[in-house]
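All residue numbers for the sequence shown refer to UniProt numbering, where the first residue is 1 and numbers rise by one.
Just so you know, not all the hints are guaranteed correct.
[Stated by the list, open to error] The calculated label-pair distances, taken between Cβ atoms and stated as ranges, are:
| id | residue 1 | residue 2 | range |
| --- | --- | --- | --- |
| 1 | Ser-34 | Asp-253 | 15 to 23 Å |
| 2 | Asn-44 | Pro-100 | 39 to 47 Å |
| 3 | Asp-47 | Glu-141 | 25 to 33 Å |
Keep in mind that the hints were calculated from the coordinates and are not lab data.
These figures come from a predicted structure and were not determined experimentally.
Glycine included, every Cβ here is placed at the ideal spot set by N, Cα and C.
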Amino acid sequence: MNELGNLISKLNPRVLQIREEASFVPLDITYSSSGTFVENDKPNFIDRECENIIFVDSRRRTFESITVEGFVMLLCQVVTGALRYSNSLCTPLFSPDTNPPESKFILAVPQALAQLLGLEESQRIWIGEILAQVEIGASAENALDSYMQRAEKNEVEKYLDQAIVIKDGSIDFTTPAFRLPFGPFGLVKNIEKAYLDMKTFLSLGQMKRGERSRSIKVKLSEPDYERVMTYLKLVDSPGLKGLVRLEAVVEVDVFESSSEKIFELFDQLAKTLPNLTADASFIARMPENIFPVSYLEKCLEKFFYDRDYVHWNVVKALAQSKSSIIQK
């Protein structure tokens, strides 16, 4: 099994310890008319809430950037897990001793650098005492995002026969596709693509708490699947505050035969999710980052390794190279 130091120590790598994750900066919303409304009538507003929901999410900690020959690798830890919301209680579906969440160190590598170093996808590599998995993409960030999507997809599959499953973020996979009665659904809090023209999308900001838009259908590149979505207002604030998107990737045949039941699930979630947040500006990322997701994130973060311990292992792995520039 390869060691990172043996691969790059002679290439004068530049290592930068990362003390904090980059602050999230929202991107501009992209407007288009690619979405088609598929509900003719205004959605129903029902009194029945979802009694049992499983939320799935990942957390990442980026420890180091390693620049080799002008290409940047990232050493990260990704922790993926789930939480059950039932009877107004949130219960993590993992424990430190008997059932820890999925946790991996990822060495995210640009394709060009992977070819230079002879690295392969999913290869294991030692970095001091840390065993990391190599992930390759157009950039290190791209490789890391792809791994997190796969990890969350695998976590979703564990629970689809138990309860409604909501993955934090967009659904970027077709397997597993949506199936009744449990999903999966994606909860998109940071909307980058509206799938609607600007005027129509901005009008959704005038919805009241618990209201949702008519369902929208968007074609995917894979002809057998389509994305079905609805926009939901979590709080009574005008504008885009508290506006989130619920979405599912559905087989075309399944949607044609089950659309009304999918709309009913949207109605139930529109009744439930506003009760799981607050219009509280003093709580970070509220109201879009609903309480169960926020709690799940905090639970997953407890499994992160110490930054100084990881940095020490990187320094140890590169100790053979006296010309390395190590910066904190």
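Hint by hint, here is what the structure shows:
Checking the proposed 15 to 23 Å range against Ser-34 and Asp-253 shows it holds: the Cβ atoms sit about 21 Å from each other. In this structure the supplied range 39 to 47 Å holds for Asn-44 paired with Pro-100, their Cβ-Cβ distance being about 42 Å. For the hinted restraint 25 to 33 Å between Asp-47 and Glu-141, the CB-CB distance of approximately 44 Å leaves it violated.
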